[in-house]
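Use the sequences and the hints to build the structure in full.
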Amino acid sequence: MKRSLVNASIVAAGLFSLSTQAADIEVSVTNLTHGNHFTPLLIAAHTSDNHLFHVGEMATPALQKMAEGGDIADLNTAVTGANGVTSANPAMGLLTAGASVNAVMLETGENTHLSIVAMVLPTNDAFIGLDSWKIPTEAGTYTVYVNAYDAGTEANDEIINGGGMSGVAGIPAAPGGDGGSNGTGVMDGADNMYVHTHPGVLGDTDPVGGASDLDSRIHRWLNPVAKVVVTVK
Amino acid sequence: MKTTDIKLKPSLLALVIATTLLSGCGDDVVVPEPTPPVVVMQTFTVTVTNLTANQLMSPVVLASHSADAMLWQAGETASLAIEKMAEGGDTADIAALEVITSSVNGTGMLMPGMSETLTLTLAEADVANISLATMLVNTNDAFTGINSVNIAGMAVDMPTMMHYMAYDAGTEANTEAKGSMPGPADGGEGFNTARDDVDFVHIHPGVISQYDGLTDSVLMPSHRFDNPVLAVTIMRTE
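From first to last, the protein sequence lines are chains A and B.
Taken in order, the first sequence gives residues 1 to 233; the numbers are from full-length UniProt numbering.
Taken in order, the second sequence gives residues 1 to 238; the numbers are from full-length UniProt numbering.
Keep in mind that the hints were calculated from the coordinates and are not lab data.
A few of these clues could be false.
Label pairs and their computed distance ranges (CB to CB) [unchecked claim]:
id, chain 1, residue 1, chain 2, residue 2, range
1, B, P184, A, H196, 32 to 42 Å
2, B, P221, A, N182, 26 to 36 Å
3, B, D68, A, G209, 44 to 54 Å
4, A, A139, B, L80, 35 to 45 Å
Covered stretches of chain A, going by a simulated chain B footprint (3 or more residues, C-beta under 8 Å) [unchecked claim]:
id, stretch
5, 33-41
6, 92-102
7, 220-227
C-beta: ideal position from N, C-alpha, C; glycine also.
Below, the structure is given as structure tokens:
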């Protein structure tokens, strides 16, 4: 997890691409959960034929890296490589529950659509996802509520073991220091390998055992999990 | 005296006739009666439907206010008025807020699956934003409602429909424990001044219930809910 965060902050150095025909937008993101963190956000403006993820399709390796370990570097490279503009890690690290990152400026240029992703921690592979939302052309302030998706790349065993690399089972960390240990694992044999609406976490109330290392009183959520406010200048 | 009277009357009569004739001659001569200012009223109906399985909603408060006022803000600390409503269903403090120009209350508990229509009549100059708030009473501090929606410029008989989610006031821990919730599932305490939770408004994580591992909970699986929890139809009727 640590390495993912470092990677993301290095990427953050190359935040904005400039365009002479810029349509400026200002983005804010609020974490609406009770007790989950968001890993570094990727806010991306791109053309209508680009997507960071597709519901009902298998996650790309770049999406998997973000959803399982919070690493947005590959997604960011993919967007900028297709002439999109991004703000990578505008909150400079984790966005805690109830916190907001405000006034993230994007000069969208020819890019007409907005996507936002970040991993939800602590989970196995949950992420917040705004998928290719058409940026209004009329100046004004627009509010969009964002749901949590399951990347479908890792079983939701709810065991906190530091596993943040793609393909490695387990949850990287509970940044709030409120995770448990010695969980036996939540296993029900489900095998939906496509990106889908996250069913939510189970958790339990036993910090040193039980099935889950998550706390059902802290780590559960209902959608929406994020509020996005876009101001078109 | 009498002769004087007789003399005066015809002259008065003549004056009256003259005035009447003059007023008939043209508008430019007579100052028109000042017309009393007409206050144009607009009437709105707000129909709310409780979409939950088994969460009664406390009597709603529907309030109008200026466009820049918000009753709550996700991520921010709840006001005392919101805390009282979210923990105990008491909306009196919300109605008494200085920003509120007008408010109406629901007639009683809004039962699961039931709808209620409230009517708000406002002077045209006061038509700006409305808010509505109600507690999910079989919870510690869950609430829902409308948070500052603009109704100015609505056309008559053109309804708009919206759905709303459940918020957690963040002012009381979601223990679901006996004695902590005012609704019929518990019959416990409503508002108290203690703030023993995260102390910011957020989307409610849902109730767990005693059947899903929260051993101290007095709530049943049917008390769980998912979003949206409230359907709202706003219509200007005149």
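Evaluation of the provided hints:
no.: 1; hint: B/P184 / A/H196: 32 to 42 Å; in the structure: 36 Å, holds
no.: 2; hint: B/P221 / A/N182: 26 to 36 Å; in the structure: 28 Å, holds
no.: 3; hint: B/D68 / A/G209: 44 to 54 Å; in the structure: 51 Å, holds
no.: 4; hint: A/A139 / B/L80: 35 to 45 Å; in the structure: 36 Å, holds
no.: 5; hint: 33-41; in the structure: holds (count 3)
no.: 6; hint: 92-102; in the structure: holds (count 4)
no.: 7; hint: 220-227; in the structure: holds (count 7)
Of the numbered hints given earlier, the model fails none.
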